[in-house]
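Asker: For this one, chain A is given, so just place chain B on it according to the hints.
Protein chains in written order, with the numbering used here: chain A, 1 to 449; chain B, 1 to 323.
Mixed in with the good hints, there may be bad ones.
Sample of chain A residues at the chain B side, in silico, Cβ under 10 Å [to be verified]: (1) Ala6; (2) Glu14; (3) Val16; (4) His65; (5) Arg67; (6) Thr249; (7) Val252.
Taking beta-carbon pairs under 7 Å as the criterion, some of the chain A residues facing chain B (in silico) [claimed, not checked]: (8) Ile8; (9) Arg10; (10) Arg195; (11) Lys247; (12) Ile251; (13) Glu253; (14) Phe256; (15) Ser257; (16) Ser258.
No lab work stands behind these hints, which were simulated from the structure alone. Note that the structure is predicted; figures quoted are calculated from it, not measured. Each residue gets a CB set at the ideal place from its N, CA and C atoms; glycine is no exception.
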Amino acid sequence: MRKTLAVIKREYVEGVRGKAFIISTLLAPVFMAVLLVVPGLLFTLKTGGATRIAVVDQTGRLYAHVRESLMQGGDKDARATESAPVAGRMETSQQQQMEAAAALQTHFEIEQAPVGGSLAEIKKSLNERVLREELDAYLILPADILERGEAEFYARNTGDVFTSGMLESRISRAVIEQRMRDENIDQRRVAELSRQVRMETARVTKGGEERDSGGSGFFLAVGVGSFILIAILMYGQVILSAVVEEKTTRIVEVLFSSVRAFPLMVGKLVGVSLVALTQFAVWALMLLAVTLYGAGAAAMWGSEISLPTIPLLNFVYAILFFMLGFYVYATIYAVIGAIVTTEKEASQIIVTVSFLPVIGIYLAFPVIRSPNSDFSFWVSMIPLFSPITMLVRIVTETPPFWQIALSLAIGFATVVLMVWIAARIYRVGMLMYGKRATIPEIWRWVRQA
Amino acid sequence: MRCAPRGERVARRRPIIQPTDENGVTLQLENVTKRFDDFTAVSNLSLRVRAGRIFGLLGPNGAGKTTTIRMIVGIIAPDEGTVSLFGQPVGEMTRERTGYLPEERGLYKKMKVGEQLRFFGELKNLHPRRADEVIDRWLDKVKLSDWKNKRAGEMSKGMQQKIQFIVAVLHDPDLIILDEPFSGLDPVSTELLKGIVLELKAAGKTIIFSTHQMGVAEDICDDICLINRSRKLLEGSLREVKQSFGRNAVALRAEDAGEVLEDRRLVARVVPRGDFEEVLLADGADSQELLRRLVEHGVNVSKFERVEPSLHDIFIAKVGEDG
Chain A
1 MRKTLAVIKR EYVEGVRGKA FIISTLLAPV FMAVLLVVPG LLFTLKTGGA
51 TRIAVVDQTG RLYAHVRESL MQGGDKDARA TESAPVAGRM ETSQQQQMEA
101 AAALQTHFEI EQAPVGGSLA EIKKSLNERV LREELDAYLI LPADILERGE
151 AEFYARNTGD VFTSGMLESR ISRAVIEQRM RDENIDQRRV AELSRQVRME
201 TARVTKGGEE RDSGGSGFFL AVGVGSFILI AILMYGQVIL SAVVEEKTTR
251 IVEVLFSSVR AFPLMVGKLV GVSLVALTQF AVWALMLLAV TLYGAGAAAM
301 WGSEISLPTI PLLNFVYAIL FFMLGFYVYA TIYAVIGAIV TTEKEASQII
351 VTVSFLPVIG IYLAFPVIRS PNSDFSFWVS MIPLFSPITM LVRIVTETPP
401 FWQIALSLAI GFATVVLMVW IAARIYRVGM LMYGKRATIP EIWRWVRQA
Chain B
1 MRCAPRGERV ARRRPIIQPT DENGVTLQLE NVTKRFDDFT AVSNLSLRVR
51 AGRIFGLLGP NGAGKTTTIR MIVGIIAPDE GTVSLFGQPV GEMTRERTGY
101 LPEERGLYKK MKVGEQLRFF GELKNLHPRR ADEVIDRWLD KVKLSDWKNK
151 RAGEMSKGMQ QKIQFIVAVL HDPDLIILDE PFSGLDPVST ELLKGIVLEL
201 KAAGKTIIFS THQMGVAEDI CDDICLINRS RKLLEGSLRE VKQSFGRNAV
251 ALRAEDAGEV LEDRRLVARV VPRGDFEEVL LADGADSQEL LRRLVEHGVN
301 VSKFERVEPS LHDIFIAKVG EDG
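Isolated chain B, as found in the complex:
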């Protein structure tokens, strides 16, 4: 049997819908609200996820991330607002083109890994004749080929997690939703899966990535949306978000810079950090101005670097503000 090259589209009997609407948007949420009894899980949320990007859905525990995702995959329906995928309302069609790795994970313990993947593939309309080849390729990719005929219950948790990852991607979906995909994985496996996620992006897939591990999000997300207490706090590309965060800081290692740093028109605060100091500039001050003044004063500068706020800082600042 000939192995189909990667990226070749599966011949489907149904009409092929474009992976996006006409504006290049894969997923759009408009004024979506979901309540459980008195509790509002998601409140008036609007989102746009562009095709071929990795979108980070960030927020603390209980912010409403999972509820949002469940509405996207069609497990629950919003009380108000609309969710559209590929320019269509959520339904049977969009389900098949979406892959989902939930945070609460599970496999049939007594079922063999290969059969299990085949079953989940069938539920997503993966053609049985193609299934074997696809399953083998994925198992090989995550280095679990030897486990194909073993029961899932015999695997370690990390291994099971990789299998669940395969469940989310094996039917070649256009939108992949990963809820905390790396939690509990060792660094090697994390890097492996991260690499696969980036490959998927390169293959033109849209990925929604939900986490509260900011480090991981910073590594791979193109766009982010931060939600807290059921509401959106900020949204945009990682770059825009960092720029708009409006923190102006410089990592400085210098000898005898004291005098310059005491100028309150220029420097707001100095935070000692390991072998350097983080200099937070005053409002309206410019880092170039600081550098010039340091040179003028004959200060010996061994490190001068503009630092962007980390996602971690933004997260803490924004969520902290929000209370």
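Next up, chain A with everything else stripped away, as it sits in the complex:
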């Protein structure tokens, strides 16, 4: 035990003190933030002056309204009529944000093109002005736009989908408003009447009705799944190199004259996972700080914040299954590390392994639709997938406790078995360095050792 602690301590101290750890701990959040924010900013960023647009109004009465609508900005964009599915919610709001931001960045200079003469002549002269760069684009509102709902847009740059999208929605609005005015319909009344229905979701459980916004549990499960994936992508390699290290440096022989392979392997795994947990804890604290700050700021602006309500027990399960998932995959990496002689050799196998948690995340979708089916039961017993699938079952229709316990027990037994196998392979494999072991050889090592 004392020796295992010594190994844990060494792995942890060396891991946490390394430059790589410090840099990645501090820089990763910055990097993430940059990745999230910058593309949005870049898309909305419109360099150069205002977009100059000429409007050819063949109806003779729309120009003023269209102009008003175009100059007004996007806050009244007709979004309310769209129905947003649960999973799509985030996307929609992101889209809205982006468009709102685009609106802030886009200025129009609108002018009315003379209507005299034939359409072909007007277009010809406007085309020339566009090519001379006196204009950026022009719009044609045909006489029958109110009936047919079609307008034409001509521009030098038609690739700017943000601007054309915005133009389309604002012209629509002007046209819709015009139609309503023509029919003597009160627009405010329409807005009032087309209010949407909101569904309150409650879960029926033995303990009564639980009110949570159904999606939050699902997000918890998929979130944990993604987190396992990220953790493994980041730390699988670290575990692998920790295991291979003594082999390539030949320290292993001194180690094995002092400590058995199993405690050594346990020490390494625990040491590295503590390094990982330290890093995640730092990030979690950073995230919490930012969230609190953000929430505080939002509260100051008077907006209402609704934090998802997740039962405490589910959090406990989430942590348990996250740990399980991490260790299941970590031990797979440890076994690979025990087999290979250098890290390079391992790279191909690693790609395959890091794919497995993705399968687990995909399996979450069939499971959420029928959490108590036989299929769901079995996939939530397989340790490779159970951290995600069982968690999905818990947050949807909580299965009987014995199933949760069984899933955890199978997972835990797998971890111990894998460490044991890794230790055996490691011990025998180190004595025959210089070549990669074949599968039958490995099997022999595991049996004999």
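Answerer: Okay, now just chain B, sitting in the frame of chain A:
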């Protein structure tokens, strides 16, 4: 903090076992065999290493030395036969009282020397409170005190080797196993470590010393065992081995000794060597008889010395015979 005088035993919480069994034997191998697949690395080997002696485990490359050592330190288990240390089977207890410098050496490159030694000490149950003092003393002994807070990767190979030597001895083991400890060291460092090995012997430690450099073995070993192709060829004290090798030779420098040396009942062969001749006596002949005959013949003798076969000669002869 008071410095404990050398030799003072570490207070251990576990029961103290005597450094030997009741017969003064530290290590005993009985009919030990180890096979790897079809290859037999060690075959029916029996050995006794007496306490407080330096035991040379000699043999050519691939003879089975390292495999034997790995069984002694408990890295691998023998297929047949028994290994006992301090009168006990190999296990957790014997591991802590054994220090091992393997031939394949390595250190954690990025770890500081002092921390590294502390870690290896902890693995051998060296008490953390004692560790600092012990580490400082050893670093001072091998003249590397300035390196305590530097990374091992910055050291030269020879320096690293000295650190690895410390790893083998810092927990004050009763049995120290050194596999080619001087290979690649400069003469000054070699002498330094040799001196330390002899000091350890004087402090009552048992040392197993594996090498194929016969010169070094001859310098410091009390007992030797020569193995070749997984089998033991000979064993015994250095003196016994040399005597039993049965080569009778005299280093002679003399003028006009021709006639005496041609007597085939007395002299088997004469081998010229630098400024003297090595005279190999015939079977049953006695060096005293040769000296008498030389004096009788009025030969002017300026050098007459009985020479023992060197370990080197024995090694070549025995291993050569064995094929």
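Asker: Decide, hint by hint, whether the structure agrees.
Answerer: Evaluation of the provided hints:
no.: 1; hint: Ala6; verdict: 4 Å, holds
no.: 2; hint: Glu14; verdict: 6 Å, holds
no.: 3; hint: Val16; verdict: 13 Å, violated
no.: 4; hint: His65; verdict: 71 Å, violated
no.: 5; hint: Arg67; verdict: 69 Å, violated
no.: 6; hint: Thr249; verdict: 4 Å, holds
no.: 7; hint: Val252; verdict: 8 Å, holds
no.: 8; hint: Ile8; verdict: 11 Å, violated
no.: 9; hint: Arg10; verdict: 5 Å, holds
no.: 10; hint: Arg195; verdict: 65 Å, violated
no.: 11; hint: Lys247; verdict: 9 Å, violated
no.: 12; hint: Ile251; verdict: 4 Å, holds
no.: 13; hint: Glu253; verdict: 4 Å, holds
no.: 14; hint: Phe256; verdict: 5 Å, holds
no.: 15; hint: Ser257; verdict: 4 Å, holds
no.: 16; hint: Ser258; verdict: 4 Å, holds
Hint compliance for this structure: hints 3, 4, 5, 8, 10 and 11 are broken, all remaining hints hold.
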